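**Q** The chain contents come next:
2 protein chains.
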Amino acid sequence: MRADAKRNRDKIVEVAREVFKERGMDAPLDEIAKRAGVGPGTLYRHFPTREELHDAVMQAWVERVNEYADKALAHEGGPRGQLLAWFTEYVALLTAHKGAAARITCSLGMPDSPIRTKCEIYAAANARVLDTLAEQGALRADVENLQVARLVGGVASVADQAELGGEQIEPMLAVIADGILAD
Amino acid sequence: MRADAKRNRDKIVEVAREVFKERGMDAPLDEIAKRAGVGPGTLYRHFPTREELHDAVMQAWVERVNEYADKALAHEGGPRGQLLAWFTEYVALLTAHKGAAARITCSLGMPDSPIRTKCEIYAAANARVLDTLAEQGALRADVENLQVARLVGGVASVADQAELGGEQIEPMLAVIADGILAD
DNA sequence: ACCTGAACACCGTTCAAGT
DNA sequence: ACCTGAACACCGTTCAAGT
Chain A
1 MRADAKRNRD KIVEVAREVF KERGMDAPLD EIAKRAGVGP GTLYRHFPTR
51 EELHDAVMQA WVERVNEYAD KALAHEGGPR GQLLAWFTEY VALLTAHKGA
101 AARITCSLGM PDSPIRTKCE IYAAANARVL DTLAEQGALR ADVENLQVAR
151 LVGGVASVAD QAELGGEQIE PMLAVIADGI LAD
Chain B
1 MRADAKRNRD KIVEVAREVF KERGMDAPLD EIAKRAGVGP GTLYRHFPTR
51 EELHDAVMQA WVERVNEYAD KALAHEGGPR GQLLAWFTEY VALLTAHKGA
101 AARITCSLGM PDSPIRTKCE IYAAANARVL DTLAEQGALR ADVENLQVAR
151 LVGGVASVAD QAELGGEQIE PMLAVIADGI LAD
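Chain order of the listed sequences is A and B.
Each residue of the first sequence is one higher than the one before, starting from 1 at the first, in my numbering.
Each residue of the second sequence is one higher than the one before, starting from 1 at the first, in my numbering.
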């Protein structure tokens, strides 16, 4: 990759992050091109689909998922407190960019999604938290990690689109937690 | 309303129902106008926003919600069976039109949504099922009907967008049920 | 090899002219 | 009072011409 190409690519991703943050994940692409000082064709050369640009933008996002998983596992309040901490942090992360929650959640477990990389990292972090708790015998035997990921992602999607506050989200996450914790 | 206007309106709704069913809730509007044999301006006169057309199309949908609530309450298998029956039927109904689940769910509890009428009817049916079970002491004291509606709607949204099958949906609904049933 | 930007396509929305 | 359809606007996508 030529130096000017790399500079353009980086600039596009940087600007896209801002624009997606401000106006949501389906903001006009030519606004991004304009602000980045490139022609629309350049944006298309680097990112043939909107999803590929999403993927690049969410790179930073993903690096924090593992941090959050660790923090949740270190949380006091036993398995229930840890589960809730994890769910809460994850929903917060997902709803940081409007429109991201639904996209990521519906790509979970789809091996050929364009944002596959991000999904795998989240799925791994989620599995790490759940497996840790399962080893302690804290969870029902029949819960699958993917199902839990989709449930929490569903809450995040609804919260994102309906613009719910934390006090509305918390009790929904508690229902999910109670549904998977061993009696 | 003049007779020809009414005829046009009815035809638009009828065609819109087919087109939304075939191509999802954000299918091109001028395809609907074309198939209904009217100019685009006529469609706009009757339905100034896409949401208002959605609302008209979902009228039939909504009439079946109450039927389903009754069926679920008559279900055998005790409170858990009844809850699951209700959730399952509701998700099936919501995912019948691609894109409808997320729209309806995120409008729940928003008094000035354009599809408010539909949401209220669903919320009422949901409340009827949950209240009946609560009177029997089958549910935890602190579950709010709206939260449950959003949880199930979240599952429906994810199932809709990821095109999940019933065998993937069922265990997620079971988690929600277990999360709200009294121990 | 990469970029630009004019050109095209698609679709939502408006409105002047018609009945 | 209602309808039509041309016209406009917006935005995604392509590609010939440039460096």
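Worth flagging that the hints you see were computed from the coordinates, not collected in a lab.
In this text, all values refer to a predicted model and were calculated from it rather than measured experimentally.
The C-beta atom is built at its ideal place from N, Cα and C for all residues, glycine as well.
Errors might be hidden in some of the hints.
Unchecked claim - Pairwise CB distance ranges, derived in the manner of DEER restraints:
#: 1; chain 1: A; residue 1: Glu-52; chain 2: B; residue 2: Glu-52; range: 32 to 38 Å
#: 2; chain 1: A; residue 1: Asp-26; chain 2: B; residue 2: Asp-112; range: 20 to 26 Å
#: 3; chain 1: B; residue 1: Leu-73; chain 2: A; residue 2: Glu-52; range: 35 to 41 Å
#: 4; chain 1: B; residue 1: Glu-76; chain 2: A; residue 2: Arg-80; range: 28 to 34 Å
Claimed, not checked - Cross-link-like lysine to any residue pairs, in silico, SDA-like; alpha carbons within 25 Å at most:
#: 5; chain 1: A; residue 1: Lys-98; chain 2: B; residue 2: Lys-11
#: 6; chain 1: A; residue 1: Lys-98; chain 2: B; residue 2: His-97
#: 7; chain 1: B; residue 1: Lys-71; chain 2: A; residue 2: Gly-109
#: 8; chain 1: B; residue 1: Lys-98; chain 2: A; residue 2: Leu-146
#: 9; chain 1: B; residue 1: Lys-98; chain 2: A; residue 2: Thr-88
#: 10; chain 1: B; residue 1: Lys-6; chain 2: B; residue 2: Lys-21
#: 11; chain 1: A; residue 1: Lys-98; chain 2: B; residue 2: Lys-6
#: 12; chain 1: B; residue 1: Lys-98; chain 2: A; residue 2: Gly-109
#: 13; chain 1: B; residue 1: Lys-98; chain 2: A; residue 2: Gln-161
#: 14; chain 1: A; residue 1: Lys-11; chain 2: A; residue 2: Glu-76
#: 15; chain 1: A; residue 1: Lys-98; chain 2: B; residue 2: Leu-164
#: 16; chain 1: A; residue 1: Lys-98; chain 2: A; residue 2: Thr-88
#: 17; chain 1: B; residue 1: Lys-98; chain 2: A; residue 2: Lys-11
#: 18; chain 1: B; residue 1: Lys-6; chain 2: B; residue 2: Ala-33
#: 19; chain 1: B; residue 1: Lys-11; chain 2: B; residue 2: Glu-51
**Q** Going back to the hint list, which numbers does this structure go against?
**A** 3, 5, 7, 9, 11, 14 and 17
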